[in-house]
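Asks: Residue numbers (this note's numbering), protein chains in the order written: chain Z, 4 to 273; chain R, 505 to 763.
Just so you know, these hints were derived from the structure itself, not from any lab.
All of these numbers come straight from a predicted model, not from anything done at the bench.
Don't take each hint at face value.
[Claimed, not checked] Listed next, the in silico DSS-like pairs over lysine-lysine satisfying Cα-Cα at most 30 Å (straight line): (1) R:Lys-640 x R:Lys-587; (2) Z:Lys-62 x Z:Lys-76; (3) R:Lys-540 x Z:Lys-153; (4) Z:Lys-191 x R:Lys-640; (5) Z:Lys-45 x Z:Lys-62; (6) Z:Lys-191 x Z:Lys-153.
[What the hints assert, rightly or not] With the C-beta cut set under 10 Å, the calculated list includes, among others, these residues of chain R facing chain Z: (7) Arg-559; (8) Ala-562; (9) Glu-566; (10) Thr-585; (11) Thr-594; (12) Leu-613.
Glycine included, C-beta positions come from ideal geometry on N, C-alpha and C.
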Amino acid sequence: MRAGAAGGWKDLALWGAAALLLWELGSWLLLERLQVPLAQSKLPYPHRVAEALARDGGKLLAEAAATLGSAAKGFLAGALAGAALALLMGASRTAERIAAPYAVASQMIPILGLAPIVYGIFRDEGMARLLIAAYIAFFPVALQMLRGLKSIRPEDRELQRVLAAGRWFAFRTLLLPASLPGLFTGLKTAAPLAVTGAILVELMGARHGIGVLMLRYLYYGPSHAYLFWCTVLLSAALGLLAYGAVALLERLLLPWQRSGPAAAGKGAGA
Amino acid sequence: MAQNAAQQEIVVDRVGMDYGGGSEPAIREISLGIRKGEFVSLLGPSGCGKTTLLRMMADLLEPTSGGVGIAGGTPRQARLTRKFGIVFQTPALYEWRTVRGNVELPLELAGMPRARRRERAEELLELVGLGAFAGKRPRQLSGGMQQRVSIARALAADPQILLMDEPFSALDEFTRERLGEELLGLWSRTGCTVVFVTHSIAEAAFLSDRVFVLSARPGRLSAEVEVGLPRPRVGSLRAEPEFHRLTSSIRQLFGEAEP
Ligand SMILES: Nc1ncnc2c1ncn2[C@@H]1O[C@H](COP(=O)(O)OP(=O)(O)OP(=O)(O)O)[C@@H](O)[C@H]1O
Ligand SMILES: [Mg+2]
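Isolated chain R, as found in the complex (with noise of 0.2 Å):
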């Protein structure tokens, strides 16, 4: 795979925030390429300005140093022209509407005729398990589930870049894999680009093509990990002797990047 900039779908270039305080920058020149069509993690322990990142990235935040491109533009032209698609790590889902009514949200601001939008939705509410939850109020789900309707709204409008907080850090392990798993059915069948955060190494490393290690106090890309298992991953790859050598050396990365 040739990595020439064209390829790069999203640009991080030696960005650092720093929100004030006097305390020392939540993140210091943090340079990363992601290709079109990757899945990678953001892995670290907390506080160590994953989120930051990802907000960056979504034009909900500005560095103060650096730059970040993002789908061949700046952040705020990728959200105003609606590129990518964003999982919270609540599900943060409208109460007021059902279920279908969340996920037809960015569709009704891309103008789309209301039956076509409701086709939309339930397909994929299909495509997220949740079918038959269409007429359901977001408060009658589980949160696993709410956080599937969220995904599903996500990519609503088709973004060809999906980036996601710690979606899955409040549900409990089994459902956590199972949904990982699901995921990655999603993203083999859109073809989208997916940063995805988390403090779980098993998470990244099941998940991604390459996992982005930053270190805390200040924010630091202390370590690029290239997934190199096979595709597609099943839930019993966990179980696997390789599986297990790359979270352990993951593992390891954390110890040396820890003062």
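If we strip away everything but chain Z, and leave its shape as in the complex, we get (with noise of 0.2 Å):
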């Protein structure tokens, strides 16, 4: 397993010097052979953007740790909201049955639409951030958890029954194992875009994070076009950092997950 994700990382240092490389060339095609007319705006030179980067990088990673950090809280506060609505419904179908419809016609309203409107209503950008997340954690993680809830086979928990076993101690011994996988394939799906949803908020107007700056460095024009793609690659990461996080928590957590047949095709090297 261990040889299996050594050569995992391996791969993808592989291809991402080659994309570099591609990237590099294309940007040259560009400017010098094709001279297109802004051709550093449509595809800088990387080495170019890692220059802007280092110089300005550590005012960039504070705006970045602002916009992480609110998207955190409300991330966190979404999953939780989110994990204790499918407890509810898993242990009762009245609570399901009321709370369902609303759910999923909550992810009716885009995000687009909702950000202004409760910046709108808070006319703080922390709180905006931190409602927009928790807003786009909350339904992944209700409704992946639920599911796991509603794959319980019958037999485990008929086996609750024949032990004569409380509500307490089936919920810790059966229905909460039973939910985390569940609970994790939200959360993954929902860190990263709880990251968008507060850049997007950054972008209606705000003082802090890495949205602002984003919005800043474009309409700044050509002559900022390095800084504004080390912008768009830092949110990148921060997407990417939050999605690690959550799957190096759920590795950690659920052992079970990774032993036997069916983890199997989960990694690369497997």
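Each of the two chains sits in its own frame; use the hints to bring them together as a complex.
Replies: Right under this line is the structure:
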């Protein structure tokens, strides 16, 4: 298993290097050969972007941290609410019947429309980012966790009944652990989205965050093309970081997920 | 052996089960008695109501007519006082627990302290020949091994009755016969009453003191066969002429039972 993971990293590094090379080549083609107008805004040299990042990295990271901080808080709040609702719906059919349509309907509101509304109501960028991230995290977590609860085999439940187990015991030994894989599936879906959501709020007008810089550099035009690209790449990195953190937590908390045949399809090296 | 009522561990009294839906009832008027410490099989073709009958004993299902008595009370009382253990057709192990953790489940409920629980679980795993696998996850075990874990779990809280629903039906013939012999060993050591559901004539004959033969549509008790074979029974018994005589006589019962 360890050898497989190491192979995965090697592959990743190789692909990354190849992509960078292609990018450098493409950028050169646009600028020097085809002489496309505004070539560096369309596809800047990666080494120039790296230079810009090295120069202004401190400031960029500080703003990125602000984004990640509020996204994380909102994500946590949304995930908790989603998990609570899933457990409630899993425990009671009535609760499911009442709540499920609203949970689904909530997903019909586009974030692009919701963000300015929330921002308009609270007039506080931190709060708005938090709420949007929470809103995004809520649904996948609730849905996936409920799916886990619903897929509990009938004989697993009957065992609890035959053992004359109480509600709390059944919750602790069956429902909760059975819902965890779904919880993490939901969290992994939601983590990068929560970051994107927070950035979206920043684009609506905020004072701090990577999204603010992104918008500013976009306005400044070609002279800030490299910095603009830095913010885009950093945003992507934030999403990856969020995903990776959740995935790591999953590996630590659900060791049983990795043993045996059902886990075989997951790793590239397996 | 006197057959007075006091020695009856399980009494099924004119039980009927109609799942509704307009078709024939799944079970019609089945009555039978099972003595304390006895090993009996419920034998019959698919759909004749074996699982239905077993689930009624386990308080997982209410009969629509008649009644079931078990361990001197109702199925519900027996369940709440944990008088019986159950082995399902599938192992039904919790994959997030280790093999040991699965066996410990009933002991946890009984409030046994952690150290004793662990000790007892390992003792039971030793008993089913899985002492070396205590720390593994269920998925890392073969189907036969998983079913043995599920038997160890059913025996953990020392139940006086063991209800088993086709526990070996998903296994190959070799594993199945070996596990049957192991089960007889466990049964003679614990002295519990075993109700064993199967659709294999040979399996029922090899394991049981008595075989209840059920017929389908509607499910009825069509015969009751006393198995006179001496105990302890070992694998070579399956090759004996008397074993063959017994299994073919049971097979003939099915010929008569089928319309
Ligand atoms: N939950 C249910 N709802 C409706 N009908 C059912 C239900 N469970 C069982 N039946 C019907 O009752 C009859 C007996 O079913 P049962 O599962 O007890 O049979 P069985 O002897 O255990 O069969 P098998 O050997 O295939 O397990 C069947 O005809 C089946 O269709
Ligand atoms: Mg059955």
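Asks: Now, for every hint given, state plainly whether the structure supports it.
Replies: Cross-check of the supplied hints:
Only pairs whose Cα atoms come within 30 Å are accepted, and Lys-640 of chain R paired with Lys-587 of chain R is accepted, the gap being roughly 29 Å. Our distance criterion of 30 Å between C-alpha atoms is met by Lys-62 of chain Z and Lys-76 of chain Z, whose separation comes to about 22 Å. Under the criterion of a C-alpha separation no larger than 30 Å, the hint pairing Lys-540 of chain R with Lys-153 of chain Z is inconsistent with the structure, at around 39 Å. Between Lys-191 of chain Z and Lys-640 of chain R the alpha-carbon distance is near 28 Å, which keeps this suggested pair within the 30 Å criterion.
A C-alpha spacing of about 24 Å is found between Lys-45 of chain Z and Lys-62 of chain Z, which places the hinted pair at or below 30 Å, so the restraint holds. For the proposed pair Lys-191 of chain Z and Lys-153 of chain Z, the alpha carbon gap of about 20 Å is at most 30 Å, so the pair holds. Hint on Arg-559 of chain R holds. Least Cβ distance to chain Z is approximately 9 Å, under the 10 Å limit. Because the smallest distance between the Cβ of Ala-562 of chain R and any Cβ of chain Z comes to about 6 Å, under 10 Å, the interface hint for this residue holds.
Hint on Glu-566 of chain R is violated. Least Cβ distance to chain Z is approximately 13 Å, over the 10 Å limit. At about 8 Å, the closest approach between the beta carbon of Thr-585 of chain R and any beta carbon in chain Z falls short of 10 Å, and the interface hint on this residue holds. Evaluation of the Thr-594 of chain R hint against chain Z yields a held restraint, the C-beta minimum of about 6 Å falling below 10 Å. With a least beta-carbon distance of about 5 Å to chain Z, the hint placing Leu-613 of chain R at the interface is held under the 10 Å criterion.
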